[in-house]
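Which chain is which? The protein sequence lines are A and B, in order.
Counting from 1, one number per residue, gives the positions in the first sequence under our numbering.
Counting from 1, one number per residue, gives the positions in the second sequence under our numbering.
One thing to keep in mind: the hints can contain errors.
[Said to hold, decoys possible] Here are some of the chain B residues that sit facing chain A, going by a computed Cβ distance under 7 Å:
1) Asp65
2) Gln68
3) Arg69
4) Leu110
5) Val113
[To be verified] Derived lysine-lysine pairs resembling DSS-like cross-links, with alpha carbons at most 25 Å apart:
6) Lys218/B x Lys70/A
7) Lys218/B x Lys89/A
8) Lys205/A x Lys137/A
9) Lys27/A x Lys205/A
10) Lys52/B x Lys146/B
11) Lys70/A x Lys137/A
[Said to hold, decoys possible] Some chain B residues close to chain A (C-beta under 10 Å, calculated; not the full set):
12) Val6
13) Phe100
14) Leu104
15) Asp106
16) Asp107
17) Ala108
18) Leu111
19) Leu114
20) Gly115
21) Ala212
22) Ala277
Calculated from the structure, these hints are not laboratory results.
None of the values given here were measured: they were computed from a predicted structure.
Where a beta carbon is used, it is the ideal one built from N, C-alpha and C, also for glycine.
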Amino acid sequence: MIEMYHVHMSYGPDSPALTDITLRIEKAEFVFITGPSGAGKTSLLRLAFLAEPCQAGQMLLFGKNVARVKRREIPLLRRRIGVVFQDFKLIPTMTVRENVGLVCDVMGIGGRERRQRINEALRMVGLEHKAGSFPLKLSGGEQQRAAIARAIVNDPPILLADEPTGNLDPELSRAIYRLLSEINARGVTVVVATHDIDWVRRTRKRIIEIDRGRVISGGMPDA
Amino acid sequence: MRRSAVIVSRALVDLVRRPAVTGLTIGTVAVVFLLLGLFGLLASNFSGLADKLSSRLRLTVFVDDDCQRECRQQLQQWLQSREAVAAVVVVERQQALEDFRRRLGDDAHLLEVLGENPLPASLQVELRPGKRRTEIMAALATQLEKLAGVEEVQYGQRWLGRFFRFIRVVRTLGLVLGGLILLAAAVIVSNTIRLSVYSRRQESEIMGLVGATPAFIKAPFYLQGALVGLLGAGLGVGLAYLAFLVVAPWLRMPVGLGQSSFTPAFLSPTTALLVVAGGALLGLAGTAASLWRHLRK
Ligand SMILES: Nc1ncnc2c1ncn2[C@@H]1O[C@H](COP(=O)(O)OP(=O)(O)OP(=O)(O)O)[C@@H](O)[C@H]1O
Ligand SMILES: [Mg+2]
Chain A
1 MIEMYHVHMS
11 YGPDSPALTD
21 ITLRIEKAEF
31 VFITGPSGAG
41 KTSLLRLAFL
51 AEPCQAGQML
61 LFGKNVARVK
71 RREIPLLRRR
81 IGVVFQDFKL
91 IPTMTVRENV
101 GLVCDVMGIG
111 GRERRQRINE
121 ALRMVGLEHK
131 AGSFPLKLSG
141 GEQQRAAIAR
151 AIVNDPPILL
161 ADEPTGNLDP
171 ELSRAIYRLL
181 SEINARGVTV
191 VVATHDIDWV
201 RRTRKRIIEI
211 DRGRVISGGM
221 PDA
Chain B
1 MRRSAVIVSR
11 ALVDLVRRPA
21 VTGLTIGTVA
31 VVFLLLGLFG
41 LLASNFSGLA
51 DKLSSRLRLT
61 VFVDDDCQRE
71 CRQQLQQWLQ
81 SREAVAAVVV
91 VERQQALEDF
101 RRRLGDDAHL
111 LEVLGENPLP
121 ASLQVELRPG
131 KRRTEIMAAL
141 ATQLEKLAGV
151 EEVQYGQRWL
161 GRFFRFIRVV
171 RTLGLVLGGL
181 ILLAAAVIVS
191 NTIRLSVYSR
201 RQESEIMGLV
211 GATPAFIKAP
221 FYLQGALVGL
231 LGAGLGVGLA
241 YLAFLVVAPW
251 LRMPVGLGQS
261 SFTPAFLSPT
271 TALLVVAGGA
281 LLGLAGTAAS
291 LWRHLRK
């Protein structure tokens, strides 16, 4: 689903964020990307949903060479990748329901199907009772789940989650992890970036370890 | 389609959320189009009047008494081969006298004093509508005066020439001023749209991240611009029409010798619609300017 070969990416001339990244993530896999703060986890995810250009090397998404993807096709590819952002990126002037519905609007899904999808997504993350609330009136964990609901409302084959357990207590973290596993069990490829290495080791999922923009271990499946 | 419904509602929400800004912008556009409309009316009615007057701009070629049939025919042929000339009519001495008598009406008896007919025969030269200009007439006159048999050439009164020059100046001035206030209106619309763009900045970015096309993100702003321009222009043209209804009766005036009178006219419905559409175009241009500066990605 996601393949990178010798990929480089930098934000400026002398600040390389990712160096010689080679990794492969298979369909329906659940993979963790770990590394200390500043290692390049967010950068890697941004690269994966084409928010940053791949400056060198080769990247394949859904088996397609990204270099050959035309600019106007990028939005269409993004619709097949759900993203939970580290800072949630919920729109404060919209209710949870509207935030989740925004993806449906973008996809041109309306009417009854829109309602059903929103309800289903909110039910999965257990946030039906907060549908009418505004993001800033929610707790951190609730915002996190609203962000997940938005990422899965259009059933994307890939889900990228950046620090989805960020500042949550261990109990909530486990709940979020269970939720992500559930989504993965439906055949969705799930990639979770987190600096919480100890917690991740206990899950026995594949771990891609990166540090200072390089892959330390776990880049290939079944190594 | 669902997506267009979303675009429309996003556009309307912004306009309704800031009623004062929206109202002021529409009002400004309306004033601009009112001014343009009034000016356009003035200009088009002036040129209507000018057309009426210019049909009376003809050349009279007086021929001397030696110039009889063959000589006149030659002059006539020469004239008819000119590009500017529409028609040539020969007026015999007798005919000229009759015409003069008719014009004098009750005072016709004065002619008796003269005894002999003092009026020369002439060729009345009618010019093509586009060619009724004093320069053209002057050029034609100089050429004519060199031809055999021509005694004198008279054409268009001096004040008509001045009137046409005045109209041309007014028209040029109007185009320049009109262009300037249109530009000002576009800037104001662009600033209004910028408020919307600014308030939806974060939202636009997020929409892009979840797969919205740039067109889908920008469409509501364009719609807003078009709506504001359309409403403003519509209002402006409407006000111009009201002003026209009030003022028009005062402007009705006779032109020349009674038979044709000049009636001011409003823009034709097609023109009025085109002008309102122009308002929408202005709004779109304002939006484009504002997006170009603020949503470059
Ligand atoms: N927009 C940006 N402009 C310039 N440099 C950036 C930008 N975003 C990240 N970087 C730099 O790129 C490097 C990798 O950052 P990144 O955000 O990918 O790390 P991370 O692993 O996600 O860290 P964290 O765990 O703190 O979220 C860092 O050195 C960071 O300073
Ligand atoms: Mg990060």
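Do the hints match the structure? See the list:
Hint on Asp65/B is violated. Least Cβ distance to chain A is approximately 85 Å, over the 7 Å limit. The interface hint given for Gln68/B is broken, as the beta carbon of that residue sits about 83 Å from the closest beta carbon of chain A, more than 7 Å. Because the smallest distance between the Cβ of Arg69/B and any Cβ of chain A comes to about 80 Å, over 7 Å, the interface hint for this residue is violated. At a threshold of 7 Å, the smallest CB-CB gap from Leu110/B to chain A is about 88 Å, leaving the interface hint violated.
At its closest, the beta carbon of Val113/B sits 92 Å from a beta carbon of chain A; the interface hint therefore is violated under the 7 Å criterion. At most 25 Å may separate the alpha-carbon atoms for a hinted pair to count; Lys218/B and Lys70/A meet this at roughly 20 Å. Distance restraint check for Lys218/B and Lys89/A: the Cα-Cα separation of roughly 20 Å lies within the 25 Å cut-off, and the hinted pair is therefore satisfied. As the CA atoms of Lys205/A and Lys137/A are separated by approximately 34 Å, the hinted pair breaks the 25 Å bound.
A C-alpha spacing of about 14 Å is found between Lys27/A and Lys205/A, which places the hinted pair at or below 25 Å, so the restraint holds. Simply put, Lys52/B and Lys146/B have alpha-carbon atoms about 31 Å apart, too far for the 25 Å limit, and the pair is violated. Between Lys70/A and Lys137/A the alpha-carbon distance is near 40 Å, which puts this suggested pair outside the 25 Å criterion. This hint holds: Val6/B has a C-beta 5 Å from the nearest C-beta of chain A, less than the 10 Å allowed.
Hint on Phe100/B is violated. Least Cβ distance to chain A is approximately 80 Å, over the 10 Å limit. Interface restraint check for Leu104/B: the shortest CB-CB distance to chain A comes to about 82 Å, outside 10 Å, so the restraint is violated. For Asp106/B, the suggested interface contact is broken, since its CB lies about 84 Å from the closest CB of chain A, more than 10 Å. For the restraint placing Asp107/B at the interface with chain A, the shortest Cβ-Cβ distance is roughly 84 Å, beyond the 10 Å limit, so the hint is violated.
A least Cβ separation of about 85 Å between Ala108/B and chain A goes past the 10 Å threshold, and the interface hint is therefore violated. The interface hint given for Leu111/B is violated, since its Cβ lies 87 Å from the closest Cβ of chain A, which is over the 10 Å cut-off. Taking 10 Å as the C-beta contact cut-off toward chain A, the hint placing Leu114/B at the interface is violated, the least distance being around 89 Å. Interface hint status for Gly115/B: violated, as the beta-carbon distance to the closest one in chain A is roughly 94 Å, over 10 Å.
Interface restraint check for Ala212/B: the shortest CB-CB distance to chain A comes to about 4 Å, inside 10 Å, so the restraint holds. Violation of the interface hint for Ala277/B is found here, the shortest Cβ-Cβ separation to chain A being roughly 29 Å, above the 10 Å cut-off.
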